[in-house]
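Undergrad: One letter stands for each residue in the lines below.
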Amino acid sequence: MDIRLEGISHSYDDTEVLRGIDMDVPSGRIVCLVGPSGCGKSTLLRFIGGLERPTQGRVLQLGTPPEGCLNPLTFVFQDFALLPWRSVHGNISLVLEDHRIRGAAAKRIIADVLARTKLSEFAWALPRQLSGGMKQRVAIARALAVNPAVMLMDEPLSALDSQTRALLMDDLITLWERQPFTAVYVTHNLTEAVRLGHRIVVLSRRPGSIREIVEIDEPLSERGSAGAELERKLQHLWDLMRDDARAADKELLGV
Amino acid sequence: MSDSTLPYGSAQLEVRFRGGGFSPIPHRWMGALVFVVLIIFIEWGTRAGFISALTLPRPSDVLATFGELWDSGLLFRHLGPSLSRLVVGAALGASLGIGVGILIGLFSYIRAGLGPLVAAIFPIPKIALLPLFVIWFGIGEGSKYALIAFGTFTPTVVATYGAVDNVDRSLIRMGQSFGLSWLSIVRKIVLPGAMPGILSGLRISLAIAIILLVAAEMLGAQYGIGAYILEAGSLYDLERLFAGVVILSLLGVLTSGAIAMIERRMLDWRV
Ligand SMILES: Nc1ncnc2c1ncn2[C@@H]1O[C@H](COP(=O)(O)OP(=O)(O)O)[C@@H](O)[C@H]1O
Ligand SMILES: [Mg+2]
Numbered sequence: 001m002d003i004r005l006e007g008i009s010h011s012y013d014d015t016e017v018l019r020g021i022d023m024d025v026p027s028g029r030i031v032c033l034v035g036p037s038g039c040g041k042s043t044l045l046r047f048i049g050g051l052e053r054p055t056q057g058r059v060l061q062l063g064t065p066p067e068g069c070l071n072p073l074t075f076v077f078q079d080f081a082l083l084p085w086r087s088v089h090g091n092i093s094l095v096l097e098d099h100r101i102r103g104a105a106a107k108r109i110i111a112d113v114l115a116r117t118k119l120s121e122f123a124w125a126l127p128r129q130l131s132g133g134m135k136q137r138v139a140i141a142r143a144l145a146v147n148p149a150v151m152l153m154d155e156p157l158s159a160l161d162s163q164t165r166a167l168l169m170d171d172l173i174t175l176w177e178r179q180p181f182t183a184v185y186v187t188h189n190l191t192e193a194v195r196l197g198h199r200i201v202v203l204s205r206r207p208g209s210i211r212e213i214v215e216i217d218e219p220l221s222e223r224g225s226a227g228a229e230l231e232r233k234l235q236h237l238w239d240l241m242r243d244d245a246r247a248a249d250k251e252l253l254g255v
Numbered sequence: 001m002s003d004s005t006l007p008y009g010s011a012q013l014e015v016r017f018r019g020g021g022f023s024p025i026p027h028r029w030m031g032a033l034v035f036v037v038l039i040i041f042i043e044w045g046t047r048a049g050f051i052s053a054l055t056l057p058r059p060s061d062v063l064a065t066f067g068e069l070w071d072s073g074l075l076f077r078h079l080g081p082s083l084s085r086l087v088v089g090a091a092l093g094a095s096l097g098i099g100v101g102i103l104i105g106l107f108s109y110i111r112a113g114l115g116p117l118v119a120a121i122f123p124i125p126k127i128a129l130l131p132l133f134v135i136w137f138g139i140g141e142g143s144k145y146a147l148i149a150f151g152t153f154t155p156t157v158v159a160t161y162g163a164v165d166n167v168d169r170s171l172i173r174m175g176q177s178f179g180l181s182w183l184s185i186v187r188k189i190v191l192p193g194a195m196p197g198i199l200s201g202l203r204i205s206l207a208i209a210i211i212l213l214v215a216a217e218m219l220g221a222q223y224g225i226g227a228y229i230l231e232a233g234s235l236y237d238l239e240r241l242f243a244g245v246v247i248l249s250l251l252g253v254l255t256s257g258a259i260a261m262i263e264r265r266m267l268d269w270r271v
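Sequences listed follow chains S and U, in order.
Going by this note's numbering, the first residue of the first sequence is number 1, and it counts up by one from there.
Going by this note's numbering, the first residue of the second sequence is number 1, and it counts up by one from there.
Simulated from the structure, these hints should not be mistaken for laboratory data.
Computed from a predicted model, the values in this text were never measured in an experiment.
Possibly wrong hints are sitting among the right ones.
[What the hints assert, rightly or not] SDA-like, lysine to any residue: derived pairs with alpha carbons at most 25 Å apart:
| no. | chain 1 | residue 1 | chain 2 | residue 2 |
| --- | --- | --- | --- | --- |
| 1 | S | Lys107 | U | Thr55 |
| 2 | S | Lys107 | U | Ala260 |
| 3 | S | Lys118 | S | Ala166 |
| 4 | S | Lys107 | S | Lys118 |
| 5 | S | Lys107 | U | Pro123 |
| 6 | S | Lys118 | S | Glu52 |
| 7 | S | Lys118 | S | Leu130 |
| 8 | S | Lys107 | U | Gly179 |
| 9 | S | Lys118 | U | Pro192 |
| 10 | S | Lys107 | U | Ser181 |
| 11 | S | Lys107 | U | Ser184 |
| 12 | S | Lys107 | U | Trp269 |
| 13 | S | Lys107 | U | Leu183 |
| 14 | S | Lys118 | S | Gln163 |
| 15 | S | Lys118 | S | Gly68 |
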C-alpha cells in the first residue's frame, strides 16, 4: 500500500504551518522527513495518520493494505505513549483486544513481536522499570503487533541518549532487512535520515514546503561505514538546511 | 593521599552539607507517639487537678465508658445503623459523583451545562438542607442516606472531572491512532489514568460523609453514633461525648487506611 499526499496546506488560526506539500510514500521504503523545528513535520505526520485534518489537500491510500493488517497507519511516538499501569505484554495486548484477538492468538503475536524487538524477557515488566530505549522498543513492538502497512514514526529516537539511539537505529535496520516495512520517519537529525531513509524529504522552515527530495539508493546494510557518497549527501542536506535552521532559531527567539 | 593536602596547611575545610529536607520520609511511630503523649498528658493533668473535670474528661473514664458500651452491647446497636447509613449514603454519592464527573470530563456540552451547577452546589453547607431532605424522603433512613450521599457527591464530582482532565492526552491520541473504540479508550485509558485523582478525592469525600453522619442523625434517629454523641452533648456528659467522638475518628482512620490500601494495590504502577 502506498501513500500519496496531494496539495496539503494547513494553518492554525493565523499561523500558516504547511504550504503545498505533494509527495509519495512508496511501499516497502522508509521516507524521512527532515526540517527545522516548528516547520510542521509532526503536523504533517498527524495528517497522514488521520489524527488531524489539513485545511487544504488530501492524503490518499493507494492500493489495499496487506492481508492480516489490523491498523494500516500506525504511529510510533517520540514520548513512547505506553500505558504506565499495563505491563509490556499488556501494552501490546491493548491494541489487539479491540480486534477480538485474545488468548492463544494474542499470545502468539505478542511473543513474536517481543522476540523481534529483543524484549522476550521483559514481557511482565511495567514501563517504569524500563529504560528509555527499552520503552521505545516496546512501542515499536506494539506497532509491529498490528502488522501496519505504514509506520509513522515521529522522532522516535529523540528522547534517548546517543548510545541508545545508535543501538536502536541498528535494531531498526535489522528489523527492516528481515522484513521490509513502509515508514514515514520524522527526524531533525540528518545523520539518522541518511542512515535510515531511502528517500529524504527536506522541508523549509515555517510555512513548511518541500525544498528538495533526495533519493539514496545504497542498501541500508551498507551504510554503516559512511562512504564518500553518503558524506556528500549529508553535506548537501546540511547545506540545504543551514540557513533555514538559523532563521528558524532566530524566529523562535523573536516570538 | 594525606601528602597531597600538605601544601594547603590548615586551609582545608570539609564541604558543609546543605541538601536534604523538603521530602517527606515516613515515620510510622511518630503519629502514634503524639497520640500517646497527648493522652498521658491529659490523664496526668486531670489526675493532678490542673485540668478540671469540666474542661476535659479523664481518658481512663472515657475508656471505661467505652467498656460499658461494649459490655452492654449498645456499641453495636449504635454502630450498626451508623455504618449502614455511611455505607449506603457514601456508596450512592460516590458512585453517582464518579459517573457524573466522568461525563463532565468527557463531554463538553455536559461540562458547560453541569459545571456551573456543581460549582453552585459545592459551597452549600449540606447540613442546612436536612429539613428539605426530611420533607422529600421522610424522617426515616431515606433523608439520612440522601444527606450523606449529597455531601459526598459534590467533592467526588469535582475530583473526578479534574482527574479526567489530567489524563495524559498523548495516551488518548495513542489509543485513537491504534483504532481503539471510544468505549475502550474510556475504559482502558481514561479511567485508569484518572484513578489516582479519583481515589484522593474519595479520601476527602468519605471524611465529609463521616462528618455528615452526625448531622444526619440529628433528626429522628434513636440509635447511631451521631445520635449517641448528640444526646451526650445535650446532657453535657463529656465521657460519653468523647467516647462517641473517638469512635468517629477511629472510623475516619479506618476509611483512610482502607483507601491507602486500595491505592497501594491499584496504583502500584506509579513511580
Ligand atoms: N494544535 C496546534 N495548535 C496551534 N498551533 C500548533 C498546533 N500544533 C502545532 N502548532 C504549530 O505549528 C507549527 C508546526 O508544529 P510541528 O508540526 O509540531 O513542528 P515540528 O514537528 O516540525 O517541530 C509550530 O509552529 C507549532 O507551534
Ligand atoms: Mg515535532
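Undergrad: Indicate, hint by hint, whether the structure satisfies it.
TA: Verification of the supplied hints:
no., hint, in the structure
1, S/Lys107 <-> U/Thr55, "69 Å, violated"
2, S/Lys107 <-> U/Ala260, "34 Å, violated"
3, S/Lys118 <-> S/Ala166, "16 Å, holds"
4, S/Lys107 <-> S/Lys118, "16 Å, holds"
5, S/Lys107 <-> U/Pro123, "52 Å, violated"
6, S/Lys118 <-> S/Glu52, "33 Å, violated"
7, S/Lys118 <-> S/Leu130, "13 Å, holds"
8, S/Lys107 <-> U/Gly179, "20 Å, holds"
9, S/Lys118 <-> U/Pro192, "28 Å, violated"
10, S/Lys107 <-> U/Ser181, "22 Å, holds"
11, S/Lys107 <-> U/Ser184, "20 Å, holds"
12, S/Lys107 <-> U/Trp269, "23 Å, holds"
13, S/Lys107 <-> U/Leu183, "23 Å, holds"
14, S/Lys118 <-> S/Gln163, "17 Å, holds"
15, S/Lys118 <-> S/Gly68, "23 Å, holds"
Hint violations for this structure: numbers 1, 2, 5, 6 and 9, all remaining hints satisfied.
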